[in-house]
Amino acid sequence: MKNEAFKDRPLCLSGKGVTKVFGYGNKANTAVDHVDFEFHEGELVSIVGESGSGKTTLSKMLLGLLSVTEGEIFFQGKPRDISNRKKKKEYWQGIQAIFQDPFSSFNVFNKIDTVLLDCINMRGGKHLPKEKKIEMMTEACSFVNLKFAELTNKYPFELSGGQMQRLMIARIFLLKPKILLADEPTSMIDACSRATILDMLLQLRDEIGMTIIFITHDIGLAYYISDSVYIMEHGKFVESGSADDVILNPKAAYTKRLISDVPKIHEPWDLSTVG
Amino acid sequence: MAKTMLEVNNLTTKYVTRFHEDVYAVDHVSLKIEEGKSLGIAGESGCGKSTLALSLMGYYFAPLHYMSGEIIIDGKNISGMDPDTVRKNVLGTEIAYIPQAAMNALNPTIRISKFVEDVIRAHDPKADKKTIQEMAKARFAELGLPVEALNRHAVELSGGMKQRVVIAISTILNPKVLIADEPSSALDVTSQKMVIKMLRDMMEKGYIKAMIFITHELPLLYNVTDDIMVMYAGQIVERGSANEMVFDPIHPYSRGLINSILVPEEGTRTNKLTAIPGTPPNLKKPPQGCRFAERCKYATLQCRVNAMPMIDFDGNRSYRCGHSVEHLREVYGHEE
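Chains as they are written, first to last, in my numbering: chain A, 80 to 354; chain B, 74 to 409.
Isolated chain A (complex conformation) (with noise of 0.2 Å):
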């Protein structure tokens, strides 16, 4: 079933029959099996399942760092084409990512300046007045609640790990991707910082339109974020519609399980149901 919300807006990423096999012969192992899927512009998809599920390896299949066995991506309608260098590159002009350790997620060797300033220049700044870079700077550090003042010269392990997943989407900002893949960006933050990281990413799909694939575990932080979820079990999508169909009335076992799996404040919790 489809978000019927979002139907009229055009597509912006789209999957017919996505299929990725590792290995051969008797070994071979499926990991995303004939999916089929539809983002639009400015929706915020959610893909959920347990650990094991194939959502990474098909994030990583979207990115184009993996390829695909068999079946198409296209990418605003035309099928995506990534067969050298250059249009891999122009492809992620597009396409940008978030992900879980924002630990290793930067170059250690390089100061804050110089990966906010890499930002600018990919994006045809190279030859701006210094001045106008550092008010971009400024203004990218602000959408994230962080003080451009404070972060020159230093370093990204002085940060803490909430503000390094900040300076993340400041990155993002400053890029305005199409598509944003946040693959479990607040699972490695405490539940206080989550809400900031959940908020900034409300607000990019809210101020600049961009479409969102959130990938996550936890069935709670799919339900408040998105606008659209897909369950997905042992590489297949199991359920998908809008957030509130699929959360508040689960057709698939699968769904039900994971729902009644997660604890919950005005329902009682089934510890019976183990194993």
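Derived by calculation from the structure, the hints in this document are not laboratory data.
A portion of the hints provided could be inaccurate.
[Claimed, not checked] Distance condition first, Cα-Cα at most 25 Å in a straight line; then the derived DMTMM-like pairs of lysine to aspartate or glutamate:
no., chain 1, residue 1, chain 2, residue 2
1, B, LYS357, A, GLU229
2, B, LYS345, A, ASP197
3, B, LYS76, B, GLU107
4, A, LYS168, A, ASP197
5, A, LYS255, A, GLU117
6, A, LYS233, B, GLU94
7, A, LYS330, A, GLU117
8, A, LYS209, A, ASP197
9, B, LYS357, B, ASP385
10, A, LYS335, B, ASP261
11, B, LYS278, A, ASP349
12, B, LYS110, B, ASP385
13, B, LYS345, A, ASP285
14, B, LYS358, A, ASP197
15, B, LYS345, A, ASP262
16, A, LYS343, B, GLU167
17, B, LYS270, B, GLU167
18, B, LYS249, B, ASP157
19, A, LYS343, B, GLU317
20, A, LYS315, B, ASP261
21, B, LYS110, A, ASP349
Given chain A, put chain B in place with the hints provided.
Chain B in isolation, oriented as in the chain A frame:
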């Protein structure tokens, strides 16, 4: 009146840094747990939750140092004992600890049964190997763990299984108090549920008499523990029953924490999440007044100057704030 299993009075411990600066990570913490009860400790990273867990065991090694206060387990004062005595007489039998990354706590070259042997031999060097094996088998079977796991190495088990095995090993001598430090944070929801069910079973069967559960996931605490304590910058800022803490938090910080709860229930999407701005204070030079004042939107000049004591209210609850309970409830009422 139930028996008090663990009582802690004004416990203070500190870390000494490389530059000989003192960091008071646990500052005058008092708590009490009765037999058959569990206590949850919540707070953001760096607030001293894990240090409190280490301090409660009475087993100190550098850079953690004991300063003052007392820890009484079932009528026996263990504070100030020397580490060797604590290791022999307290750890494992009186109090046990499950570390945060239990999956990395197991030596990959040793079979699981050897760990059980080690724990028992540490307290009874003459224990017979056969008895130990039988004891381990019986305990594993009762907790619903596969008995074959005893003959496996740690690498052969899954993450959730390793965590449950570690819990079974550390409670084999029936400790009175179990401290679980984020036992389920690295697991997915299904394994997490199994771990929680096992801890519940152990409480019901009487293998452990009381439990302290540390995590930053509040919905989990609400479902697992009887009481919840919120910690901020080394101090306890509020304590109450799980129900009261989730539906009627008084301290502005606890309220901020409760507002960051995400559950897959109706209404989650319409309630806007509110984050607490700012960062916790530097504990090398803790602020003179309320430690939360810098980030609190209700803070007054008085808050920044006066040190805050814990104040009891509504019978069993207590909090640490410069405003009265009535005032805070009124302010919160206006906001909604």
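Now the hints, each set against the structure:
With a CA separation close to 21 Å, the supplied pair LYS357(B) and GLU229(A) stays within the 25 Å bound. For a cut-off of 25 Å, the pair hint linking LYS345(B) to ASP197(A) is broken: about 34 Å separates their Cα positions. Between LYS76(B) and GLU107(B), the direct Cα distance comes to roughly 6 Å. Compliance with the 25 Å bound is thereby established for this hinted pair. Simply put, LYS168(A) and ASP197(A) have alpha-carbon atoms about 15 Å apart, close enough for the 25 Å limit, and the pair holds.
In summary, the hint linking LYS255(A) to GLU117(A) is supported, as the alpha carbons are separated by about 21 Å, within the 25 Å threshold. For the hint pairing LYS233(A) with GLU94(B), the CA-to-CA distance comes to about 24 Å; that is within 25 Å, so the pair holds. For a cut-off of 25 Å, the pair hint linking LYS330(A) to GLU117(A) stands: about 20 Å separates their Cα positions. Our distance criterion of 25 Å between C-alpha atoms is met by LYS209(A) and ASP197(A), whose separation comes to about 13 Å.
The straight-line distance between the Cα atoms of LYS357(B) and ASP385(B) is roughly 29 Å, outside the 25 Å bound, and the hint therefore fails. A hinted pair counts as satisfied when its Cα atoms are at most 25 Å apart, and LYS335(A) with ASP261(B) qualifies at roughly 15 Å. Between LYS278(B) and ASP349(A) the CA atoms are separated by roughly 19 Å; this keeps the pair inside 25 Å, and the hint holds. Distance check on the hinted pair: LYS110(B) and ASP385(B) sit about 20 Å apart at the alpha-carbon level, within 25 Å; holds.
Pair hint LYS345(B) plus ASP285(A) holds up; C-alpha atoms about 15 Å apart against a cutoff of 25 Å. With a CA separation close to 38 Å, the supplied pair LYS358(B) and ASP197(A) exceeds the 25 Å bound. Proposed proximity of LYS345(B) and ASP262(A) is supported: the alpha carbons are some 23 Å apart, at most 25 Å. The suggested pairing of LYS343(A) with GLU167(B) is violated, with an alpha-carbon distance near 33 Å, which exceeds 25 Å.
With a C-alpha separation of about 22 Å, the suggested pairing of LYS270(B) with GLU167(B) holds against the 25 Å cut-off. The straight-line distance between the Cα atoms of LYS249(B) and ASP157(B) is roughly 19 Å, inside the 25 Å bound, and the hint therefore holds. Under the criterion of a C-alpha separation no larger than 25 Å, the hint pairing LYS343(A) with GLU317(B) is consistent with the structure, at around 15 Å. Restraint check for LYS315(A) and ASP261(B): satisfied, since their Cα atoms lie roughly 19 Å apart, inside the 25 Å limit.
About 20 Å separates the Cα atoms of LYS110(B) and ASP349(A), which keeps this hinted pair within 25 Å; it holds.
Checked against the numbered hints given earlier, this structure breaks hints 2, 9, 14 and 16; the rest are met.
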